[in-house]
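Q: Listed below are the residues making up each chain.
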Amino acid sequence: SQQGEEDPQALSIQEGENATMNCSYKTSINNLQWYRQNSGRGLVHLILIRSNEREKHSGRLRVTLDTSKKSSSLLITASRAADTASYFCATEPAGNTGKLIFGQGTTLQVKP
Amino acid sequence: DARVTQTPRDKVTEMGQEVTMRCQPILGHNTVFWYRQTMKQGLELLAYFRNRAPLDDSGMPKDRFSAEMPDATLATLKIQPSEPRDSAVYFCASALLVGEQFFGPGTRLTVL
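Quick note, the sequences are listed as chains A and B, same order. Everything in the first sequence is counted per this note's numbering, starting at 1 for the first residue and increasing by one. Everything in the second sequence is counted per this note's numbering, starting at 1 for the first residue and increasing by one.
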């Protein structure tokens, strides 16, 4: 079953603009992760934020987590054409299982 | 450069045939996951193992799918008999207990 719902489903921006993707989930979590998938390839881990963290940065990525609203956002700043991909949020339900539940993803197109 | 490998990368078969997909997790990772990705359902967790023992296979159709880890370096996913609705990309991922998962390149299965 899908726990995460992502918004928007698709996003098209110009190079240099910022891209924001949102994720909502339903149950208590240990952590929330964001993954990227280029067409026809496996997923690549981008960033992990724990349930007791509110914000995390990694290079041009900024992730926020609001556990009271059960939501997260991923911001990619100064986007590049190479950022074109699908982005998925994944939640690890509370209980230390290591299992992840993925959202449906946001397809990002960055136009040069 | 440690990575998850999967074979075959592409498989075309006829309905009713047996299909076996193989995965070699990253050396030292003790948790292995099998996912299926389709346009309609997105990324679904089929089964996962920790220290070679199955922890959860509730996402897997039991009548035709089976997953095993004969040893720490090999995970297999078998479909017998295959059906057209099994057509999808099957991903294996490995992790060290919890947290970030490392995905393989996937096996694209087409059942005619």
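Treat the hints with care, as some may be off.
[Claimed, not checked] One side only, chain A facing chain B, incomplete, derived with CB under 10 angstroms:
1. 30
2. 41
3. 112
In short, the hints are calculated from the structure, not lab data. Glycine included, every Cβ here is placed at the ideal spot set by N, Cα and C.
Q: State for each hint whether it applies.
A: Hints, verified against the model:
This hint holds: residue 30 (chain A) has a C-beta 7 angstroms from the nearest C-beta of chain B, less than the 10 angstroms allowed. Because the beta carbon of residue 41 (chain A) sits about 6 angstroms from the nearest beta carbon in chain B, less than 10 angstroms, this interface hint is met. Using the Cβ-Cβ criterion of 10 angstroms, the hint placing residue 112 (chain A) at the interface with chain B is not satisfied: the shortest such distance is roughly 27 angstroms.
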